[in-house]
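Visitor: Sequence:
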Amino acid sequence: MSCVMFQVWLYQLSKAGKLCVPAMNVNDSVTKQKFDNLYCCRESILDGLKRTTDVMFGGKQVVVCGYGEVGKGCCAALKALGAVVCVTEIDPICGLQACMDGFRVVKLNEVIRQVDVIITCTGNKNVVTRDQLDRMKNGSIVCNMGHSNTEIDVASLRTPELTWERVRSQVDHIIWPDGKRVILLAEGRLLNLSCSTVPTFVLSITATTQALALIELYNAPEGRYKQDVYLLPKKMDEYVASLHLATFDAHLTELSDDQAKYLGLNKNGPFKPNYYRYHSAKY
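With full-length UniProt numbering applied, the sequence shown covers 1 to 283.
If you are wondering where the hints come from, they were derived from the structure by calculation, not from laboratory data. Note that this is a predicted model, so its numbers are computed, not measured. One or more of the hints may lead you astray.
What the hints assert, rightly or not - Capping the alpha-carbon separation at 25 angstroms, the derived lysine-lysine pairs in DSS-like fashion look like this:
1) Lys137 - Lys79
2) Lys15 - Lys261
3) Lys50 - Lys60
4) Lys79 - Lys107
5) Lys79 - Lys60
6) Lys50 - Lys180
7) Lys272 - Lys34
8) Lys261 - Lys272
9) Lys79 - Lys34
Work the whole structure out from these sequences, hints included.
Guide: If you want it as structure tokens, here you go:
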């Protein structure tokens, strides 16, 4: 089960009153969303595509479905290598972010015949349908960077009129009766987990976040956490980040007493309110 689906399941159990123990939603913590989802995918999307297809990105027409943290990372990496990147979105805020970052926001059906690469990053199902796959041009690449294997309708491709040809590990050519081939990676599963390595530094951040969440639940005084789903306290998110700054020889500025009083903060943090959403970096 993917982390997002597990998260949804936890909230459903909590709403139904069936959660037996307190649970920590680590997936929505800042040190998971803004680092693993964004920076890890920014690197692993290129790694996975290169390892499997040896594709050259310059000038390729790429559609990234979804402009959340994963989509933002993928778009930034592909744009940097000269790909022509478009985005599909359902959320007007994410769509506006994509526009302001320099990407066209399109409907997949309107560009499907010109696309060289489709990358799904939504966590939804049937984002790329059989009808759309039928209309893709010869040699197109389809892959998934989202949370589960439901984003590409792979089941609809397992029909007698289509031929599957395994050309290398995790790479299948789906061949139509007229000879057209669409390249499907990892059978629609997560590309970065199936076809690339994951940077150990990002894994360290995520694993530290998970470990601190467990320690917090274990050591919390009785009654602090009820049988519900909680976000990691902001103070702990900041602590996870501080533990990894030494790698870059980074030195944080310390607030003076007067500055801390002016801002209404503790000098040792937390430095942002719980509702604060950290902006993604510009590339």
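Visitor: Regarding the pair Lys261 and Lys272, is the alpha-carbon distance no greater than 25 angstroms?
Guide: Holds: Lys261 and Lys272 sit about 14 angstroms apart, inside 25 angstroms.
Visitor: Measure nothing beyond the straight line between the CA atoms of Lys79 and Lys60; if it is 25 angstroms or shorter, mark the hint as holding.
Guide: Answer holds: Lys79 to Lys60 is near 10 angstroms, not above 25 angstroms.
Visitor: Is the Cα-Cα distance between Lys79 and Lys34 25 angstroms or less?
Guide: Given that 25 angstroms is the threshold and the Cα spacing comes to 19 angstroms, the pair holds.
Visitor: Are the Cα positions of Lys50 and Lys60 separated by 25 angstroms at most?
Guide: Holds. Lys50 to Lys60 sits at ~14 angstroms (cutoff 25 angstroms).
Visitor: Between Lys15 and Lys261, does the CA-CA distance stay at or below 25 angstroms?
Guide: Given that 25 angstroms is the threshold and the Cα spacing comes to 40 angstroms, the pair is violated.
Visitor: Has the given pair, Lys272 with Lys34, been kept, meaning a C-alpha gap of at most 25 angstroms?
Guide: holds, 15 angstroms
Visitor: Please verify whether Lys79 and Lys107 have alpha carbons no more than 25 angstroms apart.
Guide: holds, 19 angstroms
Visitor: Would the pair Lys50 and Lys180 pass a check requiring their Cα atoms to be no farther apart than 25 angstroms?
Guide: Answer holds: Lys50 to Lys180 is near 22 angstroms, not above 25 angstroms.
Visitor: Given the hint that Lys137 pairs with Lys79, does the C-alpha gap stay at or below 25 angstroms?
Guide: Judged against 25 angstroms, a Cα distance of about 22 angstroms means the pair holds.
Hint check: a violation occurs at hint 2 only; the rest are consistent with the structure.
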